[in-house]
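Work out the full structure, taking the sequences as your base and the hints as a guide.
Protein chains: 2
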Amino acid sequence: MDKLLTVTVDGEVLKFPFVWLRDNCLCEQCFHPTAKSRVYWSDLHLKIKPKEITEGKDSIQVTWEDGHKSNFEYNWLKIRNFTPESQRKYDEVIYKPTKITWHGEEFNDICSKHDYNQIVKTDEALYNWLYKLSVYGVAIVKNTPNSENAIDAIIDRVAFIKRSHYGVKFVVQHISNTNNLAYLSNNLQMHTDLPYYEYGPGINILHCFVQTVSKGGENLLVDGHYIAKYIKKNHPEEYKLLTEVDIEWNDMGTEDGREFFKLYRAPIITLDKYGEVQRINFSVPQRSSHFLTPIENIEPWYRAYSLFLQLCHKFAGKFKSEQGDILVFDNIRLIHSRNGYVDNENNVRKLIGAYIDWDEIYCKLRCLTMKLGYNKGFN
Amino acid sequence: MDKLLTVTVDGEVLKFPFVWLRDNCLCEQCFHPTAKSRVYWSDLHLKIKPKEITEGKDSIQVTWEDGHKSNFEYNWLKIRNFTPESQRKYDEVIYKPTKITWHGEEFNDICSKHDYNQIVKTDEALYNWLYKLSVYGVAIVKNTPNSENAIDAIIDRVAFIKRSHYGVKFVVQHISNTNNLAYLSNNLQMHTDLPYYEYGPGINILHCFVQTVSKGGENLLVDGHYIAKYIKKNHPEEYKLLTEVDIEWNDMGTEDGREFFKLYRAPIITLDKYGEVQRINFSVPQRSSHFLTPIENIEPWYRAYSLFLQLCHKFAGKFKSEQGDILVFDNIRLIHSRNGYVDNENNVRKLIGAYIDWDEIYCKLRCLTMKLGYNKGFN
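Line by line, the protein sequences are chains A and B. The first sequence runs 1 to 379 under the numbering used here. The second sequence runs 1 to 379 under the numbering used here.
Keep in mind that the hints were calculated from the coordinates and are not lab data. A few of these clues could be false.
Restraint-style ranges between C-beta atoms, simulated for each label pair [to be verified]:
no., chain 1, residue 1, chain 2, residue 2, range
1, B, 49, A, 340, 46 to 54 angstroms
2, B, 92, A, 15, 47 to 55 angstroms
3, B, 53, A, 318, 37 to 45 angstroms
4, B, 234, A, 296, 35 to 43 angstroms
5, B, 26, A, 273, 33 to 41 angstroms
6, B, 237, A, 310, 45 to 53 angstroms
7, B, 143, A, 143, 37 to 45 angstroms
8, A, 124, B, 234, 17 to 25 angstroms
9, B, 11, A, 296, 33 to 41 angstroms
10, A, 272, B, 40, 25 to 33 angstroms
11, A, 124, B, 237, 48 to 56 angstroms
12, B, 83, A, 272, 25 to 33 angstroms
13, A, 112, B, 255, 24 to 32 angstroms
14, A, 112, B, 55, 29 to 37 angstroms
Calculated cross-link-like contacts (lysine to aspartate or glutamate; reagent style DMTMM-like; alpha-carbon spacing at most 20 angstroms) [unchecked claim]:
no., chain 1, residue 1, chain 2, residue 2
15, A, 15, B, 156
16, A, 371, A, 156
17, B, 113, B, 322
18, B, 132, B, 92
19, B, 3, A, 299
20, B, 15, A, 256
21, A, 273, B, 43
22, B, 89, A, 246
23, B, 36, A, 256
24, B, 36, A, 255
25, B, 49, A, 299
26, B, 132, B, 91
27, A, 273, B, 65
28, B, 15, A, 296
29, A, 36, A, 85
30, A, 69, A, 91
31, B, 233, B, 296
32, B, 47, A, 255
33, A, 78, B, 92
34, B, 121, A, 259
35, B, 49, A, 198
36, B, 51, B, 65
37, B, 15, B, 85
38, B, 350, B, 256
39, A, 96, B, 299
40, A, 169, A, 148
Cβ atoms here follow ideal geometry from the backbone N, Cα and C, with glycine treated the same way.
Right, here's the structure in full:
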């Protein structure tokens with residue numbers, strides 16, 4: 001092809017389209033140095049070609065037909081190489097770490113423990129916690145100070161809270177006549193939090209401020225990606241229903257004097273356009289009685305749903321938080337539930353909760369990757 | 001089929017699957033009266049059948065094989081009817097109003113004006129503003145008090161702000177050595193705000209606190225859904241590229257002493273699984289130089305991109321805010337830009353901005369629909 005620049009870097013022959021090179025010219029006329037972005041209004045150079053190419057020691061200079069000059073460092077080009085291998089490496093190092101799925105029996109192995117004070121104090125501990133969380137979808141923070149505001153300091157280390165109609169932070173404890181089953185001491189069924197939000201909260205942060213001394217109060221946690229993989233392999237018909245039939249997730253009520261009426265429609269397993277699991281939506285209590293699918297789907301869907309629910313219990317790990325633990329998990333990947341418990345006068349179970357979005361977590365991971373020099377070659 | 005209940009309501013024969021009826025039993029054992037949700041743990045009744053059915057005046061009682069009794073009001077059943085017509089009506093009245101696309105020449109007709117004080121004071125005005133905003137993607141609030149906090153009152157009427165790494169609220173005015181081109185007085189190119197967020201802000205709220213007296217400073221606003229429809233019809237090859245090729249949107253820098261490094265990948269036109277436009281992502285300045293697609297896509301994609309950008313300008317409406325206007329628009333549907341302007345010592349253009357998510361806006365619309373009795377039959 002005559003529309004590509006060919007350049008050899010470290011012995012490897014790399015190719016780059018002219019149109020892309022011109023579009024990404026880094027001179028001050030084309031690229032704003034502090035805003036770090038393109039400046040042009042609408043004038044693309046779709047058919048541009050170089051007049052002259054000069055290979056220097058660290059960079060290559062292209063003089064275009066119209067006289068404009070662009071300079072590209074070899075390393076800058078190398079990390080933008082258009083081969084699948086190069087792109088995969090960039091994905092893993094910079095974009096997002098690859099997830100590893102797990103069965104409940106492996107829960108103790110995959111669920112890493114992190115020290116509260118270390119996270120507050122050091123970037124390495126902060127990185128390690130967020131990295132494990134993104135790979136496994138769960139990680140526990142230990143040794144949290146006995147303060148109702150303790151989660152603020154670690155949230156501030158990451159970014160800021162995602163607010164919902166339940167408030168900025170929320171308290172999970174037994175309330176009679178509640179607007180949400182989570183605020184009872186009964187069994188709380190398998191669910192993801194707020195599936196009725198199109199922008200479902202990325203991670204759930206649950207600080208165990210007081211744990212019940214009674215039996216119960218354990219969390220069951222299950223990797224929805226593991227379930228999806230299992231169903232895809234062993235029950236293809238059910239997989240089709242769980243990934244295609246839209247469910248209406250809902251929440252209606254009043255919180256702090258304000259009414260809410262949330263609806264969001266999505267299958268239990270949402271796939272991206274490559275067929276990869278993007279998000280798990282699940283809630284026994286918060287599935288709407290409005291079911292917007294052809295009637296012939298209903299019975300088969302309920303069978304698929306029943307299978308999914310059984311597997312939630314079968315593949316779950318069990319964990320009872322201790323006072324001072326913060327249970328942190330991926331809320332659009334893991335499904336969780338809680339066994340019933342019995343409060344007494346001197347022992348009222350109390351969790352302090354908040355959410356952060358994945359946009360902010362991956363953002364922090366990338367900043368730390370760069371700062372700590374974990375960006376092997378991508379700088 | 002023998003797995004369906006048949007019931008005649010207002011002369012119409014309706015059918016409901018037994019499994020769905022049992023799942024949605026509204027008795028206090030099955031459904032929590034204040035939390036308004038299902039109580040069961042994992043015991044689905046996939047094969048259940050009725051033992052006895054008794055049709056009353058307002059409701060039908062089903063006694064199941066196991067002796068459990070469920071009661072369903074005819075009206076409750078009617079609005080959950082499984083026919084496409086009934087479901088479409090529910091969509092329009094309760095779920096989300098249908099969008100209407102527009103060409104820039106129609107801008108003055110489709111862009112409704114709303115009074116700030118009326119929105120603060122009356123539910124009807126609040127509903128009307130949010131309804132028009134959801135249908136057309138743009139609506140202007142007039143007569144805003146001359147205070148830097150004026151937007152707080154109307155945001156509080158809806159819900160709360162979506163925060164980003166640029167802060168809770170943000171100020172748009174000329175800053176040298178900025179981290180964002182929006183903070184210059186040059187031409188600001190066609191873009192959606194924060195396309196590098198997976199959870200892109202739903203609406204953009206821009207209070208014109210001081211407008212420039214110079215020429216320029218107008219906004220161009222274009223309906224991305226209109227462009228998508230046009231390209232789909234007239235340029236199918238380009239439509240394929242614009243809906244399929246992932247673009248990496250990016251933003252790197254420092255704000256208030258905190259670093260950010262956001263990346264999100266999506267095509268310019270994101271489709272849902274029904275092939276409908278879900279979201280528009282666009283930004284001349286904030287498109288990454290990392291392009292994670294096979295090299296043979298690059299040239300054709302740039303041609304499609306160039307077409308999209310030309311149409312942004314061709315189909316745009318133009319609007320110059322006056323002091324006291326709040327320009328509010330759908331940030332995942334409209335693409336906007338701003339003509340350059342010239343500040344002087346006594347006249348520094350200044351906008352106060354904030355975002356709200358669509359989750360909260362549709363939620364408020366539904367609450368108002370119910371409160372104002374606009375829910376024609378759905379109660």
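Taking the hints in turn, this is what the structure says about them:
1. 49/B / 340/A: 46 to 54 angstroms: With Cβ atoms ~31 angstroms apart, the hint is violated.
2. 92/B / 15/A: 47 to 55 angstroms: About 52 angstroms separates the Cβ atoms of residue 92/B and residue 15/A, which means 47 to 55 angstroms holds.
3. 53/B / 318/A: 37 to 45 angstroms: The hinted range 37 to 45 angstroms holds for residue 53/B and residue 318/A, with Cβ atoms some 42 angstroms apart.
4. 234/B / 296/A: 35 to 43 angstroms: holds (37 angstroms)
5. 26/B / 273/A: 33 to 41 angstroms: holds (39 angstroms)
6. 237/B / 310/A: 45 to 53 angstroms: holds (46 angstroms)
7. 143/B / 143/A: 37 to 45 angstroms: Distance hint for residue 143/B, residue 143/A is violated at roughly 55 angstroms.
8. 124/A / 234/B: 17 to 25 angstroms: Violated, since residue 124/A and residue 234/B (Cβ atoms, about 54 angstroms apart) do not stay within the stated range.
9. 11/B / 296/A: 33 to 41 angstroms: violated (24 angstroms)
10. 272/A / 40/B: 25 to 33 angstroms: holds (32 angstroms)
11. 124/A / 237/B: 48 to 56 angstroms: holds (49 angstroms)
12. 83/B / 272/A: 25 to 33 angstroms: Given range 25 to 33 angstroms: holds, Cβ gap about 32 angstroms.
13. 112/A / 255/B: 24 to 32 angstroms: Taking Cβ atoms as reference, residue 112/A and residue 255/B lie about 31 angstroms apart, which means the hint holds.
14. 112/A / 55/B: 29 to 37 angstroms: The hinted range 29 to 37 angstroms is violated for residue 112/A and residue 55/B, with Cβ atoms some 59 angstroms apart.
15. 15/A / 156/B: Roughly 53 angstroms separates the two Cα atoms, so the pair is violated.
16. 371/A / 156/A: Holds. Residue 371/A to residue 156/A sits at ~18 angstroms (cutoff 20 angstroms).
17. 113/B / 322/B: Holds, because 13 angstroms separates the two Cα atoms, which is no more than 20 angstroms.
18. 132/B / 92/B: Holds: residue 132/B and residue 92/B sit about 14 angstroms apart, inside 20 angstroms.
19. 3/B / 299/A: Holds - the C-alpha atoms of residue 299/A and residue 3/B are around 9 angstroms apart, at most 20 angstroms.
20. 15/B / 256/A: Since the Cα atoms of residue 15/B and residue 256/A sit roughly 40 angstroms apart, the hinted pair is violated (cutoff 20 angstroms).
21. 273/A / 43/B: violated (34 angstroms)
22. 89/B / 246/A: holds (17 angstroms)
23. 36/B / 256/A: Given pair residue 36/B, residue 256/A holds - Cα atoms ~17 angstroms apart, limit 20 angstroms.
24. 36/B / 255/A: holds (14 angstroms)
25. 49/B / 299/A: holds (13 angstroms)
26. 132/B / 91/B: It holds: about 17 angstroms lies between the C-alpha atoms, which stays within 20 angstroms.
27. 273/A / 65/B: Since the Cα atoms of residue 273/A and residue 65/B sit roughly 44 angstroms apart, the hinted pair is violated (cutoff 20 angstroms).
28. 15/B / 296/A: Holds, at about 11 angstroms.
29. 36/A / 85/A: Cα-Cα ~27 angstroms, so violated.
30. 69/A / 91/A: violated (31 angstroms)
31. 233/B / 296/B: Given pair residue 233/B, residue 296/B is violated - Cα atoms ~24 angstroms apart, limit 20 angstroms.
32. 47/B / 255/A: violated (38 angstroms)
33. 78/A / 92/B: Between residue 78/A and residue 92/B the Cα gap is close to 51 angstroms, so the pair fails against 20 angstroms, i.e. violated.
34. 121/B / 259/A: holds (17 angstroms)
35. 49/B / 198/A: The given pair, whose Cα atoms are some 35 angstroms apart, is violated under the 20 angstroms limit.
36. 51/B / 65/B: holds (5 angstroms)
37. 15/B / 85/B: holds (14 angstroms)
38. 350/B / 256/B: OK: residue 350/B and residue 256/B at ~19 angstroms, within 20 angstroms.
39. 96/A / 299/B: violated (27 angstroms)
40. 169/A / 148/A: holds (10 angstroms)
Hint compliance for this structure: hints 1, 7, 8, 9, 14, 15, 20, 21, 27, 29, 30, 31, 32, 33, 35, 39 are not met, and every other hint is.
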